[in-house]
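Novice: Since each chain sits alone in its own frame, please combine them into the complex, following the hints.
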Amino acid sequence: MIQRLRKKPYVWFLLPGFILYTIFIIYPIFAAGQLSLYHWNGIGDKVFVGFQNYVDLFTNKDLMSQMMNALKNSITIFVLTVCIAMPVQITMAYTIYSKARGGNYFQVAVFSPQFISTPVIVFIFTLIFDGNIGIVNKLLEMAGLGAFTRSWLGIPQYGIYIVWAMITWAGIGVGMMYFIGAMKMIERDSLESAYMEGAGFWKRLWYIILPQIKMTILNLVLVSYIVSMTIFDYSYILGGTSGGINRNVDVMSLFFYRMAFGDTNPLGGNISANSMGMGTTVACVLFLMIFVIALIQLLLVYRKED
Amino acid sequence: MKKSRDMMSRHHGKSAGAVKAFLWIYSTATFMILVYMLYHSLRPRQDILSNTFGKPEKLSLDNYVRLIAKDHFFRYFGNSVMILATSLALLVFISSITAYGIARYQFKGRKFFRIYFLIGLMFPVQLGIVPVFQIMKNLNLINNPLSVILVSAANISMPVFMLTDFFAGLPREIYEASIIDGAGEWTTFRKIMFPMASPIVFSVCITVSVQIWNQFFLPLIFLQKDAAKTLPLLVVKYTGKLINTMDLAMAVSTLSTIPILLLFIIFSQKILDGVTAGGVKG
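Top to bottom, those sequences are chains A and B. Using the working numbering, you'd call the opening residue of the first sequence number 21 and step up by one each time. Using the working numbering, you'd call the opening residue of the second sequence number 23 and step up by one each time.
Only chain B is shown next, with the shape it has when bound in the complex (with noise of 0.2 Å):
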């Protein structure tokens, strides 16, 4: 057995070793250019904008200083972070109770909700963005994170399909035993049923929080005051004039990316496995 699969993978010939030797340049210069990137935000602006190939003058942290001083970096990774953890444990929350709610117990409509929580994952929140522009307006939500973190909460499609999965297919034998032993539903659900979920809640933290990390129209469209906005359009800003504000946005760029790719990088192994799970369930 096992040796039959060392054969299987010594012999694949030289089309494959051409898609193997591509796989390394690609995967190389993905790394190369984030270095690249930050070399690039330790020197001074002009030195990048003239001699952008030439011999450095100087390298030196000053762009990362007059980020975080002058142009309060930490404000916005702040506020990034801030609706990052909110939006993701409400909609951790709401999510499992929903597809615990739809699994464990049987009544009328349960096939209606388990479709109807499914059909989100054709209604895009863009398309929406109107009227919940509207309702924002009028709950004075308006440069509020709340609006970002309530909308980005909601959308529980994937979670609550994946999580129903999981939950209906919990034997029936655990939930009695919790209930004989005088737990009641609440308490059945949050010491016994929720962590048992842990993989796929794990697996859905790192899909969504990928998402909310990034996004870019909510925040847009919701956060226009400056105290409230978020990582990616600080970023905007500096990569919007780049003549301008070249070493700013180096720097930024690298103070935004490499810390998560780090973080990435050395807990890879899980965080694929997650991504890996989610796929399968969908």
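This is chain A alone, in the form it adopts within the complex (with noise of 0.2 Å):
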């Protein structure tokens, strides 16, 4: 056995990864996909019950106004940065690759929230939207326009574009820095030849380097749908399980958390009578959201390159 593993040296390379690999990531979501057809909280006794928790998910008209509003937050984050953070992301690494003067400062000041925990990054935007120490409304006092102060994070139906702003000023330096180096990628000959055609400098950016980043959009836009379905610092640490005021900051993520963990906090209060069986349920039913889509990009991407 040994003699004939040691003519298979990529045995020992492959086995280390692929264990800790198949256990811890590959493994649970099919573990989850069984657990969902039991009745059970992870203590007690397990009850199979086939597919009565899908049914009683897509039923039950409390647990499936939850999941509405947490899809329609979700799908809310997941828009907001493709219509807008994501064209801010382009022309911010279009501006920067065209060698504007600063370009270094940009970079690095856009791109170092990314190194803020979340915790502070939301702490940050209380100092920042405060009804009473936060800096906006300080602003508009000073302008002039005390009539619009408020307090901004009280108000139930700002939450989830506040939640999507912090996510993006967070965030927005990560993409960037792919954009740019997806533009590093063009040809320089093809600019200058534009450049010398009379191509003004918004029309280089649509005409040659948009077509040739498209890539990397698509793969962006697909890393933007897996994060903002599964997203949960943001809303957990400004809602708490519950999802802030009438769940206004509710996501996906959350739902299921709250689902699988209880109300309160993990390993105590609130836990329903069958938490493991209905959050591994939503948790497939995540799982089926992210995969079914991703699979199309990739088909889609594939045939293209075919």
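Calculated from the structure, these hints are not laboratory results. It is possible that part of the hints are untrue.
[As the list claims (entries may be wrong)] Within a straight-line C-alpha distance of at most 35 Å, the following computed DSBU-like cross-link-like pairs (lysine-lysine) qualify:
id, chain 1, residue 1, chain 2, residue 2
1, B, K259, B, K159
2, B, K259, A, K92
3, B, K159, A, K66
4, B, K292, A, K223
Specialist: Encoded structure:
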């Protein structure tokens, strides 16, 4: 046996990674799929119930409205990211790529929030938007616009937009750097000949750059989709397990957490008698939503490459 | 050539000027808010809350003294550092041997493994957390940093993908020369191949360590005892009830942010190049 393995060194190279990755990344999703067929709270008896959990999830009015609300918020984050953050990222990347003065300074400044942990980012937003001590209100007052001051973080309708703003402020630099990287791969000659023929700053972006960074855009759209379906920290820190006032900052991942680990804190509080069963059911629905979209995108990209 | 490039960057027009102005304001505001936080962290709580924009009565390091002496800041900090260092070492080791195994050797199922290690990108850790929680409970690893370390280090899809590409691109002659010189498979990897991958490894380290350092979800679930908690969890403890702990929230936010950012600014050119390299591969 050992002799035979000696001739196959790749087995030794692959084995540790294969074991660790399979146990903690791949297996759990399938185990969750299996658990979702049981009525179970992690401690008591496991009772097989077939697809009853899925039926419950989609027919129970309260669960359904919670899920739809969370889904709406997650999709809002995704749409805002693609429609607003991404064009801004591309424009910033293009400006820096075009050797604007201060390019290095911009890169460092725009990227640096990436190194700030989520609780601190939420705290910084409190300093900016809080009703009493926030800078925004102070600035409005100083500008004579006192009528517009309000406690920004306390208004339920604004909640999800504030969450999005935090996500964007924290993460906008990463995408920007990816776009800069993609732009650096473009042949400079085509840009220069376009310039010679009189194509302006924006025309060059539209006709030369954009078509050539299409793949990066598509990849980042998919990444943003997965992120908005799995983002958790901001909503949890801002609104707690229940997802804020009237669940205004609730997102899919937080909904899943609430189902699986109860409404107050992990291992305590209001754990339902079916927490693990319903939790894994939500996880599986969410996983399918990610998997299907990712598959469609991969197929589209794959077909184009052929 | 040089000249036309300069011309190209000069003729940007008015709207481009607006973009640049926006970038200046945005960038400066980002730094200003950090300085603002630093400034407030030197003020007593009452002063911050009731006299936010007024003249400070006194500035002192009292908040920091309390944070470090009474609230064990460095224990949380140490936990975070330990988890980061161990996960990162394990992840780099595992992902580079895996990538090397796939890229270097011809065997049946090679293509399968390439895809198998990539699909993890579609398997977010959060969604499998219930079964992982059960595993950790059975292994008695709840409240043990090893739980967070193992799961963080298992997330190797992206690193394996990047490194496989790199190793596959190395000329075969290097490998053969080393084997002919009498080095074993393992020595060849450790002494010859792995050092060559250091730019990619660096790029992996940057992306991954930011994620691990700032991760919130895994520690929240696995580390419930104060003794095991990490820095982000300490921050939440203070920012949760701001009225009572405004001063400590300022101090802990500053102390957990500014040193890292200074490191980033000092090594920014190298780090940003690493990030860009990772993005082009992905």
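Novice: The structure should be examined with respect to each hint, and the outcome stated for every one.
Specialist: Tested hints:
no.: 1; hint: K259(B) x K159(B); in the structure: holds (25 Å)
no.: 2; hint: K259(B) x K92(A); in the structure: holds (30 Å)
no.: 3; hint: K159(B) x K66(A); in the structure: holds (17 Å)
no.: 4; hint: K292(B) x K223(A); in the structure: holds (32 Å)
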